[in-house]
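K.L.:
First to last, the sequence lines map onto chains A and B. In terms of the numbering used here, the first sequence is residues 150 to 468. In terms of the numbering used here, the second sequence is residues 30 to 385.
If you're looking for bench data, these hints aren't it; they were derived computationally from the structure. Quick caveat, the model's predicted, so the values are computed rather than measured. Watch out, some of these pointers could steer you wrong.
[What the hints assert, rightly or not] Okay, the calculated bits of chain B under chain A, using three or more residues with CB under 8 Å as the criterion:
no., segment
1, 40 to 46
2, 74 to 84
3, 96 to 110
4, 120 to 128
5, 133 to 140
[What the hints assert, rightly or not] Lysine-lysine pairs mimicking BS3-like chemistry, simulated, CA-CA at most 27 Å apart:
no., chain 1, residue 1, chain 2, residue 2
6, A, K223, B, K76
7, B, K100, A, K167
8, B, K90, A, K219
9, A, K152, B, K100
10, A, K426, B, K82
11, B, K125, A, K219
12, B, K315, B, K364
Ideal Cβ positions, reconstructed from N, Cα and C, are used throughout, including at glycine.
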Amino acid sequence: MEKSLEKRVEYALNYNGKGSDYFGIIIVNWLLTVVTLGIYYPWAKAKQLQYIYNSTSLNDDSFEFHGTGKEMFKGFLKAILIFLVLYGVLGLFIYLKMPITALLLFYVLLIAIFPIAIHGSYRYRMSRSSWRGIRFGYRGDRKEFTLLFFKWIFFTIITLGIYGPWMAMNMRNYLLGNVRFGDVEFEYDGDGTDYFALNIKGYLLTIVTLGIYGFWWQKDLFEYYVNNLSLTREDGKIRFNSTATGGDFFKLITLNLLILIFTLGLGYAWVVTRTLKFVFEHVEAEGNINLDTLTQTEENYKDATGEDLSDFLNLDSVM
Amino acid sequence: MMNNKTTAVFYDGNSSVPQQIELSLNKLNATLEFQMSDGTHCKWLVKDVFFDKRATGLHLKYGSEVIQHIKIKDDHFINTIHHFRRENGHISWYQKLLDLGFAAHFGIALAILGIIGLCYVYVIPWAAEQSVNLIPEEYDNKLGNSAWAGNEYFMNVDSKKTKLLNDFAKQLNLKNTKNLKFIVVKSDEINAFALPDGRIVVFTGILEEMKNYNELVGLLGHEASHVNNRHSMKMLCRSLSGYLFISVILGDANGIMATIGDNINSFQSLSFSREFERQADADGFKILLANKVNPQGMSNLFKRLKQNNFVSIPEFLSSHPVTENRIEYIDKMVKNQKITTINHPQLESLFAKLKQ
Ligand SMILES: [Zn+2]
Numbered sequence: 150m151e152k153s154l155e156k157r158v159e160y161a162l163n164y165n166g167k168g169s170d171y172f173g174i175i176i177v178n179w180l181l182t183v184v185t186l187g188i189y190y191p192w193a194k195a196k197q198l199q200y201i202y203n204s205t206s207l208n209d210d211s212f213e214f215h216g217t218g219k220e221m222f223k224g225f226l227k228a229i230l231i232f233l234v235l236y237g238v239l240g241l242f243i244y245l246k247m248p249i250t251a252l253l254l255f256y257v258l259l260i261a262i263f264p265i266a267i268h269g270s271y272r273y274r275m276s277r278s279s280w281r282g283i284r285f286g287y288r289g290d291r292k293e294f295t296l297l298f299f300k301w302i303f304f305t306i307i308t309l310g311i312y313g314p315w316m317a318m319n320m321r322n323y324l325l326g327n328v329r330f331g332d333v334e335f336e337y338d339g340d341g342t343d344y345f346a347l348n349i350k351g352y353l354l355t356i357v358t359l360g361i362y363g364f365w366w367q368k369d370l371f372e373y374y375v376n377n378l379s380l381t382r383e384d385g386k387i388r389f390n391s392t393a394t395g396g397d398f399f400k401l402i403t404l405n406l407l408i409l410i411f412t413l414g415l416g417y418a419w420v421v422t423r424t425l426k427f428v429f430e431h432v433e434a435e436g437n438i439n440l441d442t443l444t445q446t447e448e449n450y451k452d453a454t455g456e457d458l459s460d461f462l463n464l465d466s467v468m
Numbered sequence: 030m031m032n033n034k035t036t037a038v039f040y041d042g043n044s045s046v047p048q049q050i051e052l053s054l055n056k057l058n059a060t061l062e063f064q065m066s067d068g069t070h071c072k073w074l075v076k077d078v079f080f081d082k083r084a085t086g087l088h089l090k091y092g093s094e095v096i097q098h099i100k101i102k103d104d105h106f107i108n109t110i111h112h113f114r115r116e117n118g119h120i121s122w123y124q125k126l127l128d129l130g131f132a133a134h135f136g137i138a139l140a141i142l143g144i145i146g147l148c149y150v151y152v153i154p155w156a157a158e159q160s161v162n163l164i165p166e167e168y169d170n171k172l173g174n175s176a177w178a179g180n181e182y183f184m185n186v187d188s189k190k191t192k193l194l195n196d197f198a199k200q201l202n203l204k205n206t207k208n209l210k211f212i213v214v215k216s217d218e219i220n221a222f223a224l225p226d227g228r229i230v231v232f233t234g235i236l237e238e239m240k241n242y243n244e245l246v247g248l249l250g251h252e253a254s255h256v257n258n259r260h261s262m263k264m265l266c267r268s269l270s271g272y273l274f275i276s277v278i279l280g281d282a283n284g285i286m287a288t289i290g291d292n293i294n295s296f297q298s299l300s301f302s303r304e305f306e307r308q309a310d311a312d313g314f315k316i317l318l319a320n321k322v323n324p325q326g327m328s329n330l331f332k333r334l335k336q337n338n339f340v341s342i343p344e345f346l347s348s349h350p351v352t353e354n355r356i357e358y359i360d361k362m363v364k365n366q367k368i369t370t371i372n373h374p375q376l377e378s379l380f381a382k383l384k385q
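Chain A extracted, bound-state conformation (with noise of 0.2 Å):
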């Protein structure tokens, strides 16, 4: 079979859960959350990730994640035992009489959990997902990735936060950039400078108009992760391409407000399918890579303490 095809085809992606089936899930899940004492919950979570994973689909075939309860229970504890750590460095300079280098180290260390975290989040969820039986992967390296965050924190600090924009997009490369799906490789082209003046016009535009320019700012900001981000092979690419209006957004967001508000919270699986809903109706894929000629090129990774850092750094937006 030929990998690249003559002409350029869509991609259909779809996401195709149902808001009752994935309540059914988070209630069944916190039922037994408040049973177990918080126990339960990685598996809890690689049950609500399982679900929104099988349920979104590409030219008709769902994507898998393989994570489970248990792999994430580890990673849970190597995770407490990292903090532990810290906590304890903290505690033995403190004890020495040593408090600034204490706050120093302590700080220092802090800092280099979150690209430990990132990275290992990274390969963990990459390497646990798949679509026909392919798996992603992740291909960062980490000494290199905690170097380079290193770097971009020391400019972000010293410009007083100006360099986050450069310092947001940088990683967003390194780390898209890094994906592979099967023998496919994902690139993502963000630019610091553009996504500054992005930034700043919604910014701007927000206040003057009361709020109501975030909903186009949103927009744009969705645009910029979608346009950006393309996948290659050889000769074959697939492009992505967002057809969200500020209206959409405006729709989607006061909706879900409404939602929230009106169901005492109750019908947040209800917003959350409706999220994905619209990211997927949104989001066209197009190109001449031929899907039926992926192989398999990425290894197994089962080690989730990055998953569980990231989860108690509150990382998910990094994703």
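Following the hints, position chain B with the ligand against chain A.
P.N.:
Frame of chain A, contents of chain B with the ligand only:
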């Protein structure tokens, strides 16, 4: 045998090439059987297969390192497999919970919310109050001190009347375990409040409303009881643990420091619960009795404050205004008890000076 056969799509776990296969369910051996495109025969034990029903069809996963997939779209065959698995007890308890359906899930959600609500309203405050016994008293003093330090600047202390009020209180047994310090503040506000370190602040506004020294004894008894019962600390522990509980439930613990800060800064407006007020009324009443002062003073003060219907509600009435209930409660105790009162000429003269 027709029922137990269907066409399906197979993925071998090494490439994304879809292979059309003929899949059959062998009920006797409890296996799923098919032939790969290279001719290999495969037999999967049904109990080793992971099943998942999705919008795209029924998905079968098999293997751990190399994971093979089968996708089935034939509803009839899907049903057959489902029945077979149910009959053989292959459906997991988790799946059974999911299969309960929306109404049951909704019921479970309401039940959990109900339990959380009960915990928040009853269990947490109770536990918090018990935990107050573990907190050393000096912590009350620190809290009171910092609250006073934050507000002192805005208070116009009447030092002459402050001395008179302290002399007045010295004549009384307020059943206090810690030193009480009385302060009179010049203000039209009809107000009085107690800080956890034993400072009791009385505004000149409320003194002016009083007609008899026994009313002042009633007020001091009430405020002293707040201190004796550590109501401020109990209140702080309640709101803190309530916050802690909510933030654990919602997975957010950032607001804890803010709660401590808010409580320290707003001791004046800190409204005690109805229950604490009742306790302070009851204990204040006992103090009146113990000092052989006419307890009618307490209810007289309440009645007058209520009649005049003040716009600014005093602290010791705020959030629990002088209800008929509270007055009735005192009047009933007055009736039901043998009361011996004696004259207190010293209190009377000090009260007269305070009123000047
Ligand atoms: Zn009171």
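K.L.:
Does each hint fit the structure? Answer for all of them.
P.N.:
Structure-based check of each hint:
Taking a C-beta to C-beta cut-off of 8 Å, the segment 40 to 46 of chain B contributes 7 residues in contact with chain A, enough for the three needed, and the coverage statement holds. Restraint check on the segment 74 to 84 of chain B versus chain A: 3 residues with Cβ-Cβ distances below 8 Å, three needed, restraint holds. Coverage of the segment 96 to 110 of chain B by chain A holds in this model, with 4 residues showing a Cβ closer than 8 Å to a Cβ of that chain against a need of three. With 3 residues bearing a CB less than 8 Å from a CB of chain A, the segment 120 to 128 of chain B meets the requirement of three and the coverage assertion stands.
Requiring three or more residues with a Cβ within less than 8 Å of a Cβ of chain A, the coverage given for the segment 133 to 140 of chain B holds, as 4 such residues are present. A threshold of 27 Å between alpha carbons decides the hint, and for A/K223 with B/K76 the separation of about 26 Å falls inside it, so the pair holds. Distance check on the hinted pair: B/K100 and A/K167 sit about 20 Å apart at the alpha-carbon level, within 27 Å; holds. At roughly 18 Å between alpha-carbon atoms, B/K90 and A/K219 fall within 27 Å of each other, so this suggested pair holds.
Of the supplied pair hints, the one linking A/K152 and B/K100 holds, its CA atoms being roughly 23 Å apart against a limit of 27 Å. Taken as a hint, the A/K426 and B/K82 pair is honoured in the structure, with Cα atoms around 19 Å apart against an allowance of 27 Å. About 21 Å separates the Cα atoms of B/K125 and A/K219, which keeps this hinted pair within 27 Å; it holds. Only pairs whose Cα atoms come within 27 Å are accepted, and B/K315 paired with B/K364 is accepted, the gap being roughly 14 Å.
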